[in-house]
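Participant: In case you want the letters, here they are:
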Amino acid sequence: SAVISQKPSRDICQRGTSLTIQCQVDSQVTMMFWYRQQPGQSLTLIATANQGSEATYESGFVIDKFPISRPNLTFSTLTVSNMSPEDSSIYLCSVANTEAFFGQGTRLTVV
Amino acid sequence: GESVGLHLPTLSVQEGDNSIINCAYSNSASDYFIWYKQESGKGPQFIIDIRSNMDKRQGQRVTVLLNKTVKHLSLQIAATQPGDSAVYFCAENPRRSGNTPLVFGKGTRLSVIA
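These protein sequence lines are chains A and B, in that order. FYI, in this note's numbering the residues of the first sequence are 1 to 111. FYI, in this note's numbering the residues of the second sequence are 1001 to 1114.
The set of hints was computed from the structure by calculation and includes no laboratory data. One or more hints might be untrue.
[Said to hold, decoys possible] Label pairs and their in silico Cβ distance ranges:
| no. | chain 1 | residue 1 | chain 2 | residue 2 | range |
| --- | --- | --- | --- | --- | --- |
| 1 | B | Q1076 | A | E86 | 36 to 42 Å |
| 2 | A | K65 | B | N1018 | 43 to 49 Å |
| 3 | A | T44 | B | D1055 | 25 to 31 Å |
| 4 | B | Q1076 | A | T56 | 18 to 24 Å |
| 5 | B | T1010 | A | S84 | 28 to 34 Å |
| 6 | B | N1053 | A | P85 | 43 to 49 Å |
| 7 | A | G52 | B | Q1076 | 42 to 48 Å |
| 8 | A | T20 | B | P1082 | 36 to 42 Å |
| 9 | A | F75 | B | Q1076 | 34 to 40 Å |
| 10 | B | Q1058 | A | G60 | 34 to 40 Å |
| 11 | A | F61 | B | Q1014 | 37 to 43 Å |
[To be verified] Cross-link-like lysine-lysine pairs, in silico, DSBU-like; alpha carbons within 30 Å at most:
| no. | chain 1 | residue 1 | chain 2 | residue 2 |
| --- | --- | --- | --- | --- |
| 12 | A | K7 | B | K1106 |
| 13 | A | K7 | A | K65 |
| 14 | B | K1056 | B | K1068 |
| 15 | B | K1071 | B | K1056 |
| 16 | B | K1106 | A | K65 |
| 17 | B | K1042 | A | K65 |
| 18 | B | K1042 | B | K1106 |
| 19 | A | K7 | B | K1042 |
| 20 | B | K1071 | B | K1106 |
[What the hints assert, rightly or not] Some chain B residues flagged as far from chain A (calculated, every beta-carbon gap over 12 Å):
| no. | residue |
| --- | --- |
| 21 | V1013 |
| 22 | D1017 |
| 23 | N1018 |
| 24 | N1022 |
| 25 | A1029 |
| 26 | Q1038 |
| 27 | L1065 |
| 28 | N1067 |
| 29 | Q1076 |
| 30 | P1082 |
| 31 | V1103 |
| 32 | V1112 |
Treat the numbers as computed from the prediction; the structure is a model and nothing was measured. Where a beta carbon is used, it is the ideal one built from N, C-alpha and C, also for glycine.
Build out the structure end to end from the sequences listed, making use of the hints.
Facilitator: Set out below in structure tokens:
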């Protein structure tokens, strides 16, 4: 298993600003995943973050909007840039062996 | 594209009764399936998993059934308790390997009536 710490746990942000979410894992992992969970919906993969290379983004998500850093094997950040109310969601980081482990999520509200 | 989905978006169950949450998947190449529970304000938590070489797996009060013929997955919760109230997601690993992201179904909200 893995213990994943995410911060902030929640934030309320003004439109047009950016928020960086941090994810810390208690063990070294090759890949970390970032998901978005819009209100009342399931989890949608944003991107896969590998250490030492650029993140791989899923269809509908772009690096300019969701830049990701992966400076080492235990840490990653996701930035939500130039926010609009449509970005209001829960953002989750995850690591996986076969099953996936999740942080507690960051609940973002954009006003 | 292929996806994982659910038949029932909401389910209300009397305390003490058994709950059954269903999930349909369409990727015949998937060989690993997981059920997650998500309580309000928390990330998804692992409940139970099953590989495609099995059709049933039991845990504590939970059982997962896999029917590969009709590509159907179900989660059974015995003697449902108020603490079981949450959203439940099925997920599949479509690439038969670790370090790959899971594909999640839409989720079912389980409400337990005391």
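Participant: Against this structure, judge whether each hint is valid.
Facilitator: Hint check results:
no.: 1; hint: Q1076/B x E86/A: 36 to 42 Å; in the structure: holds, 37 Å
no.: 2; hint: K65/A x N1018/B: 43 to 49 Å; in the structure: holds, 44 Å
no.: 3; hint: T44/A x D1055/B: 25 to 31 Å; in the structure: holds, 30 Å
no.: 4; hint: Q1076/B x T56/A: 18 to 24 Å; in the structure: violated, 36 Å
no.: 5; hint: T1010/B x S84/A: 28 to 34 Å; in the structure: holds, 30 Å
no.: 6; hint: N1053/B x P85/A: 43 to 49 Å; in the structure: holds, 46 Å
no.: 7; hint: G52/A x Q1076/B: 42 to 48 Å; in the structure: holds, 43 Å
no.: 8; hint: T20/A x P1082/B: 36 to 42 Å; in the structure: holds, 37 Å
no.: 9; hint: F75/A x Q1076/B: 34 to 40 Å; in the structure: holds, 39 Å
no.: 10; hint: Q1058/B x G60/A: 34 to 40 Å; in the structure: holds, 38 Å
no.: 11; hint: F61/A x Q1014/B: 37 to 43 Å; in the structure: holds, 42 Å
no.: 12; hint: K7/A x K1106/B; in the structure: holds, 26 Å
no.: 13; hint: K7/A x K65/A; in the structure: holds, 19 Å
no.: 14; hint: K1056/B x K1068/B; in the structure: holds, 11 Å
no.: 15; hint: K1071/B x K1056/B; in the structure: holds, 14 Å
no.: 16; hint: K1106/B x K65/A; in the structure: holds, 25 Å
no.: 17; hint: K1042/B x K65/A; in the structure: holds, 25 Å
no.: 18; hint: K1042/B x K1106/B; in the structure: holds, 17 Å
no.: 19; hint: K7/A x K1042/B; in the structure: holds, 13 Å
no.: 20; hint: K1071/B x K1106/B; in the structure: holds, 16 Å
no.: 21; hint: V1013; in the structure: holds, 20 Å
no.: 22; hint: D1017; in the structure: holds, 25 Å
no.: 23; hint: N1018; in the structure: holds, 24 Å
no.: 24; hint: N1022; in the structure: holds, 15 Å
no.: 25; hint: A1029; in the structure: holds, 15 Å
no.: 26; hint: Q1038; in the structure: violated, 9 Å
no.: 27; hint: L1065; in the structure: holds, 18 Å
no.: 28; hint: N1067; in the structure: holds, 21 Å
no.: 29; hint: Q1076; in the structure: holds, 19 Å
no.: 30; hint: P1082; in the structure: holds, 21 Å
no.: 31; hint: V1103; in the structure: violated, 8 Å
no.: 32; hint: V1112; in the structure: holds, 19 Å
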